[in-house]
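Each protein sequence line maps, in turn, to chains A, B, C and D.
The numbering used here numbers the first residue of the first sequence as 51 and each following residue consecutively.
The numbering used here numbers the first residue of the second sequence as 51 and each following residue consecutively.
The numbering used here numbers the first residue of the third sequence as 996 and each following residue consecutively.
The numbering used here numbers the first residue of the fourth sequence as 996 and each following residue consecutively.
Hints may be right or wrong, so weigh each one.
Below are the DSBU-like pairs computed for lysine-lysine, each with C-alpha atoms no more than 35 Å apart in a straight line [stated by the list, open to error]:
{"#": "1", "chain 1": "C", "residue 1": "Lys1176", "chain 2": "C", "residue 2": "Lys1028"}
{"#": "2", "chain 1": "A", "residue 1": "Lys302", "chain 2": "A", "residue 2": "Lys276"}
{"#": "3", "chain 1": "C", "residue 1": "Lys1276", "chain 2": "C", "residue 2": "Lys1002"}
{"#": "4", "chain 1": "B", "residue 1": "Lys302", "chain 2": "B", "residue 2": "Lys52"}
{"#": "5", "chain 1": "B", "residue 1": "Lys302", "chain 2": "A", "residue 2": "Lys302"}
{"#": "6", "chain 1": "A", "residue 1": "Lys276", "chain 2": "A", "residue 2": "Lys52"}
{"#": "7", "chain 1": "B", "residue 1": "Lys52", "chain 2": "D", "residue 2": "Lys1028"}
{"#": "8", "chain 1": "B", "residue 1": "Lys97", "chain 2": "D", "residue 2": "Lys1176"}
{"#": "9", "chain 1": "A", "residue 1": "Lys52", "chain 2": "C", "residue 2": "Lys1028"}
{"#": "10", "chain 1": "D", "residue 1": "Lys1028", "chain 2": "D", "residue 2": "Lys1176"}
{"#": "11", "chain 1": "A", "residue 1": "Lys97", "chain 2": "C", "residue 2": "Lys1176"}
{"#": "12", "chain 1": "B", "residue 1": "Lys276", "chain 2": "B", "residue 2": "Lys52"}
{"#": "13", "chain 1": "C", "residue 1": "Lys1028", "chain 2": "C", "residue 2": "Lys1276"}
Distance windows between CB atoms, simulated [claimed, not checked]:
{"#": "14", "chain 1": "B", "residue 1": "Arg329", "chain 2": "A", "residue 2": "Glu363", "range": "17 to 27 Å"}
{"#": "15", "chain 1": "B", "residue 1": "Gly93", "chain 2": "C", "residue 2": "Gln1242", "range": "55 to 65 Å"}
{"#": "16", "chain 1": "C", "residue 1": "Tyr1307", "chain 2": "B", "residue 2": "Asp215", "range": "13 to 23 Å"}
{"#": "17", "chain 1": "A", "residue 1": "Glu363", "chain 2": "C", "residue 2": "Gln1211", "range": "49 to 59 Å"}
Here are some of the chain C residues that sit facing chain D, going by a computed Cβ distance under 10 Å [as the list claims (entries may be wrong)]:
{"#": "18", "residue": "Gln1026"}
{"#": "19", "residue": "Gly1027"}
{"#": "20", "residue": "Gly1112"}
{"#": "21", "residue": "Asp1144"}
{"#": "22", "residue": "Glu1150"}
{"#": "23", "residue": "Leu1152"}
{"#": "24", "residue": "Asn1153"}
{"#": "25", "residue": "Arg1183"}
{"#": "26", "residue": "Arg1187"}
{"#": "27", "residue": "Gly1189"}
{"#": "28", "residue": "Phe1191"}
{"#": "29", "residue": "Leu1285"}
These aren't lab readings, by the way, just hints derived from the structure by calculation.
Ideal placement from N, C-alpha and C gives every residue a C-beta, glycine not left out.
What follows is each chain in one-letter form.
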Amino acid sequence: MKMSIREAINQTLHQEMERDERVIVLGEDVASDQGGVYGITDGLPAKFGLHRVIDTPITESAIVGAAGGAALTGLRPVAELMFVDFLGVCLDQILNQIAKFRYMFGGQARTPVVIRTMIGAGTGTGPQHSQILYPLLAAIPGIKVVTPANAADAKGLLTTAIRDDDPVIFCEHKALYMDECEVPEGEYLLPFGQARTAVEGSDITIVGMSRTAVIAEEAATQLAQKGISAEVIDLRTLSPLDEGSVLESLTKTGRLVVVDESNPFCSMASEIAGLAVERGFDTLDAPVKRVTSPHTPVPATPCLEANYVPSVERVMAAIEETLSY
Amino acid sequence: MKMSIREAINQTLHQEMERDERVIVLGEDVASDQGGVYGITDGLPAKFGLHRVIDTPITESAIVGAAGGAALTGLRPVAELMFVDFLGVCLDQILNQIAKFRYMFGGQARTPVVIRTMIGAGTGTGPQHSQILYPLLAAIPGIKVVTPANAADAKGLLTTAIRDDDPVIFCEHKALYMDECEVPEGEYLLPFGQARTAVEGSDITIVGMSRTAVIAEEAATQLAQKGISAEVIDLRTLSPLDEGSVLESLTKTGRLVVVDESNPFCSMASEIAGLAVERGFDTLDAPVKRVTSPHTPVPATPCLEANYVPSVERVMAAIEETLSY
Amino acid sequence: MDISPEKLADAYRLMKTIREFEERMRSEYQQGKLPGFIHIYRNQEAIAVAACLDMTNEDYIASTHRGHGHCIAKGCEIEAMLLELACKEDGLCNGKGGSMHIADMSKGMLGANAIVGGGPPIAAGAALTAKTLGNGAVSMAFIGDGASDQGTVAESLNLAVVLQLPMIFMYENNRYAEFTKSPKPDGRIAERAGAFGMPAEVVDGSDFFAMYDACQRAIMRGREGGGPTAIEAVCNRYYGHFEGDAQAYRNQAELDAERAVSDPLPRFLADPRAAALTEEKIAEINAAILEEIDRGFEVTYAAADPTPDKLYTDVYIHYEGRLQ
Amino acid sequence: MDISPEKLADAYRLMKTIREFEERMRSEYQQGKLPGFIHIYRNQEAIAVAACLDMTNEDYIASTHRGHGHCIAKGCEIEAMLLELACKEDGLCNGKGGSMHIADMSKGMLGANAIVGGGPPIAAGAALTAKTLGNGAVSMAFIGDGASDQGTVAESLNLAVVLQLPMIFMYENNRYAEFTKSPKPDGRIAERAGAFGMPAEVVDGSDFFAMYDACQRAIMRGREGGGPTAIEAVCNRYYGHFEGDAQAYRNQAELDAERAVSDPLPRFLADPRAAALTEEKIAEINAAILEEIDRGFEVTYAAADPTPDKLYTDVYIHYEGRLQ
Ligand SMILES: Cc1ncc(C[n+]2csc(CCOP(=O)(O)OP(=O)(O)O)c2C)c(N)n1
Ligand SMILES: Cc1ncc(C[n+]2csc(CCOP(=O)(O)OP(=O)(O)O)c2C)c(N)n1
Ligand SMILES: [Mg+2]
Ligand SMILES: [Mg+2]
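Okay, chain A solo, but in the shape it has when bound:
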């Protein structure tokens, strides 16, 4: 069945809450009639009741911390951090608490919590509602970070996330919510740490994640028209990271462009480039190119925002440079 990412997430929440009554949903406005600002939790309160779909005050540390504490003691909470930009007011509960419970308690703890959050630019909402921030999360030992690029992956990965006994941050790109694709009916799980080869090719590897996986696919389509065969790898999960798929693709192509919507420094683009030069050096025929957003906040004005995020044009330019090396 064809559905949007928004619908796929909503459906998955319904299915998992039905399957396991330890699954609860909590966050700001999640129990409201319209199912939150983007309708993601639509229909859940009516079906599962307000004791399992919980509206919280606007206190992200308490939301995330309580989700962690509830997970530690037997529930399987799916908490909503409305925008990833709000990480700043709750990072401690992720960084120092949830992520570290298992290790610092010597393996006693099990913290099956999912934190759903919205990432990315493209809606003209400016510097404090448009960030990516997944590199920061992927760097934290003890949590997993998931970044689906289409509705099928959103369903498969969210199901896996909810059933995973480790904490997972599930990043939803707000500019992709309405993107539709065919989604398997019924139970559907995708393993973590396995990238998706969105397009197979042999001339160049383009690595993307979340929205930039979509951009990479668009670039590959344009390249195909020029007779260039690009392989597109959508990382799908940033932690665990499927390093093998990237390295393997490089053995075929010898050329790499990484597209990442985050700010440039210490980004996933840098991580993948570092991987390539450390473990794929032999296979490299050209410099690796990193296409990212600049080292600036996200401007509010749509005219600048459009130039802020990586575009197909910028990816094409990087590819051309790489190919002509």
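Please build the complex by placing chains B, C and D with the ligands on the supplied structure of chain A, with the hints as guidance.
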């Protein structure tokens, strides 16, 4: 004069508070008789009074936010975030407020604030008091990140930080506090964005920062005894990043090992490796090696902590691999 | 309470400006002519105006996502604001801030804030500047009822008490946070603030004169070294959370009733203390307001977008590193 | 208040165990035999013991950096604790947590916490589990007077009220945070908590019986669906902030006086309600305690350090990625 990093920082605070009465110091226990847990603010309250050396409650968001607000309105606060691990409870005021004021207010704002903070492992204080976290900070547009490795640099960079009109995070490695070296008397400023070539050499480049710069130097000394000429680059500031010095060194050596105490993913090690493969590809004769802490929290037990951080031995092993490529 | 005829006229002018400005904005926004998210302040105008009427450009405010009223009350120029809300090059923030981050340092307006609870620590810092310089300035944080729960607000209350800062916590309790009705009874917010050790009172936020009285006392207390004050202004959110939210989750009859009794403008005009304001004067003020707004929109729609190079400016004052 | 002879003996045994355990630890630490930072709980023993006496392993506590007393009161084994404090392989946390992160899930002890204010949100989550499962369990967060200012604590108070969680906020007001005297008058902490809309009282934290009475009521309230309670236990921090801090910043005469009146053990024994505890019984308990501690240290010092491979275990349950 020979002095420790601890003393150099203390002296700099004295000199700058004397020079400019808009400089204030605030934080937990900073006005206590012993000058905070590590004696860094020793003597300041007696000299400058409790209206300029301000003990605060244990509320890091309020400390950092108030420092930002005070900077925005005419003071030049030096705030203390006792351990960088506490970033989790105040990140928003750095990430979304202080760092973004100037950009999102269209250049109207000037936020001359310095946030001093302690980083690093080595004291047996476990997962929540031993982190590095500077990659996360270096990734944020709008702030500068400084990581001195010796007392002279600590003085020169802190003086520059306090006089800088942009926000600066000043990272002090707790395992280096007692390290002594010759420090210039009187006024001493070092520019940001200029790495220090700690050792000149031609066979291999070792890049470090904060404590790993010291480790890199030790490795270079051992290598010299084996007749291998290593060039050691201490980044000194992570943002701005002196990319030129790294690339230039590579033109001489063609080989690179980056040593970074942070967790591996999206680290400074990955950033420098990415830089090398993107802009120094032609000069590379071997894979770049990243030597970091593992993707785990910092264990409390000293016996594991000793294996956690990059050691001279691990750096030597990476260098040998690189040289024998 | 004491109010000069000039201040009385100013109060009316500012409240009416906010009202007309936003109503016009709404209709332009509905026509798709303005970008981003906007949050309308209607029926809360008396709060901002009473709060800022006795402030100068040396006093500070830290605002919220619902900040247009605070800007106007603090003296921001209509045209410069409109240019910003339309994200134009000559806007207050060069179009990089927009509605949720609009700021005007020259007026002591330290920014709207798209992070709920983001402003109070910053306002505390501005109050620390005032205290350190001993210049008699005060600093005010505007805080929604939803925002009042945020940990940063509690930390700021405490810091203000411990350091005896010249600060005012101006709570705007419109009883809604997005689509969720406040679970807090009226008065609880003031009670909490009071429990930190500062004077705190509940005021009818639709009654300009009551608000002005409370604000005058709070500002004087701050200026004279008496430390922080909290005011819980109980009010009504007339429209939905953001423009486009039809607030179907509210009982319409109740809402209509609340809207009517909570409109500060008729209450202001009906008050005997506003008698000095003649009908002619009011008409004159109204005409000037509409003219200013018309002109503002004209200028705005003719104005240039930021040039592409602006993406990279004003990240830092100086940066010896790479931005792209 | 009602206390059975068994509970009475337990109460004494636990308080005395904490005291002897820590005094012995201190002396071993001073000899350099234990790693890390340790924070001694002396003179606060009545609080932890009264708080946990009516709890079972199904009830939860979230502790602080000063957590040894909480652990013992909640039933953690002395030997397993010592192994952890010495960072040994067989410690409660395999040596990876140490004093500041010691935890025992089997006892409902959700961890010490080296982040001031880190525990209350977690305790709220445990309370949410109890409420959701409807199992009558309660959850308690221990909070220092310094920690009480942290934003996370305010957020947790509010969440507990809004969701009517079976939670107890156990404030330990020892009037110091590190080297800084509390600027808050006694009682302010309870007042603040009360202003969120929960019963809150100030109790003499050195008086076991008063504490037990308050805790029984709070726990019953929680178990019966009556929502959260706050207790401000006023007490004395006998030693410095951490072991090694000579607290030169305190007036010694005052401190000595405070130490004497605030010792919960003599007060407990002098209370008529403790009369059922005979001298023989006390001697027997004391002997057993010392023996257990001796044995614990013997085992600990003979125990193995974690093997190097443990650096990489228990980061995740499953991870399809690279850890090194
Ligand atoms: C930290 C944070 N959490 C959540 C949001 C999303 N959000 C924006 S406004 C709002 C409601 C605020 O309610 P209130 O403080 O009462 O202000 P009002 O909108 O009523 O003026 C929410 C939840 C945000 N912007 N920042
Ligand atoms: C977020 C955070 N800020 C600061 C610290 C440093 N610190 C550890 S204990 C402490 C004092 C805590 O005082 P209080 O809450 O009264 O507890 P007590 O030590 O008196 O038991 C401080 C400031 C910390 N560990 N975490
Ligand atoms: Mg509201
Ligand atoms: Mg204390």
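Structure-based check of each hint:
A threshold of 35 Å between alpha carbons decides the hint, and for Lys1176(C) with Lys1028(C) the separation of about 31 Å falls inside it, so the pair holds. Between the alpha carbons of Lys302(A) and Lys276(A) the distance comes to roughly 19 Å, so the proposed pair stays at or under 35 Å and holds. Between the alpha carbons of Lys1276(C) and Lys1002(C) the distance comes to roughly 13 Å, so the proposed pair stays at or under 35 Å and holds. Restraint check for Lys302(B) and Lys52(B): the C-alpha separation of about 33 Å stays at or below 35 Å, so the hint holds.
Note on Lys302(B) and Lys302(A): the hinted pairing holds, with a Cα-Cα distance of about 31 Å set against a maximum of 35 Å. Restraint check: the Cα-Cα separation between Lys276(A) and Lys52(A) comes to about 30 Å, which is no more than 35 Å; the hinted pair holds. Proposed proximity of Lys52(B) and Lys1028(D) is supported: the alpha carbons are some 33 Å apart, at most 35 Å. Simply put, Lys97(B) and Lys1176(D) have alpha-carbon atoms about 21 Å apart, close enough for the 35 Å limit, and the pair holds.
Distance restraint check for Lys52(A) and Lys1028(C): the Cα-Cα separation of roughly 33 Å lies within the 35 Å cut-off, and the hinted pair is therefore satisfied. Taking the CA atoms of Lys1028(D) and Lys1176(D), the gap is near 31 Å; set against the 35 Å cutoff, the hint holds. Our distance criterion of 35 Å between C-alpha atoms is met by Lys97(A) and Lys1176(C), whose separation comes to about 21 Å. For the given pair, Lys276(B) sits about 30 Å from Lys52(B) by alpha-carbon distance, which is consistent with the 35 Å threshold.
Taken as a hint, the Lys1028(C) and Lys1276(C) pair is honoured in the structure, with Cα atoms around 33 Å apart against an allowance of 35 Å. Take Arg329(B) and Glu363(A): their Cβ atoms lie about 21 Å apart, and the range 17 to 27 Å holds. Roughly 59 Å separates the CB atoms of Gly93(B) and Gln1242(C), a value that falls within the hinted 55 to 65 Å. The given range of 13 to 23 Å is respected by Tyr1307(C) and Asp215(B), whose C-beta atoms sit roughly 18 Å from each other.
Checked against the hint of 49 to 59 Å, the C-beta distance between Glu363(A) and Gln1211(C) comes to roughly 58 Å, which is consistent with it. Because the closest C-beta pair between Gln1026(C) and chain D is about 39 Å apart, greater than 10 Å, the hint is violated. For Gly1027(C), the interface hint is violated, the least distance from its beta-carbon to any beta-carbon of chain D being 38 Å, above 10 Å. About 8 Å separates the beta-carbon of Gly1112(C) from the nearest beta-carbon of chain D, less than 10 Å, and the hint is met.
Annotation: Asp1144(C) was flagged as interfacial toward chain D, and the flag holds, the nearest CB pair being 5 Å apart, inside 10 Å. Here the hint on Glu1150(C) is kept, as its CB sits about 5 Å from the closest CB of chain D, short of 10 Å. Contact between Leu1152(C) and chain D, as hinted, is supported at the beta carbon level, the nearest pair being about 9 Å apart and thus within 10 Å. A hinted interface residue such as Asn1153(C) counts as satisfied when its beta carbon comes closer than 10 Å to some beta carbon of chain D; here the least separation is about 5 Å, so the hint holds.
A least Cβ separation of about 6 Å between Arg1183(C) and chain D falls short of the 10 Å threshold, and the interface hint therefore holds. Because the beta carbon of Arg1187(C) sits about 4 Å from the nearest beta carbon in chain D, less than 10 Å, this interface hint is met. Of the supplied interface hints, the one on Gly1189(C) holds, with its beta-carbon coming within about 7 Å of a beta-carbon of chain D, less than 10 Å. A distance limit of 10 Å between C-beta atoms decides the matter here; for Phe1191(C) the minimum to chain D is near 6 Å, and the interface restraint holds.
Given hint, Leu1285(C) at the interface with chain D, is violated; its Cβ is 44 Å from that chain's nearest Cβ, farther than 10 Å.
Hints 18, 19 and 29, counting from the list given before, are not met by this structure.
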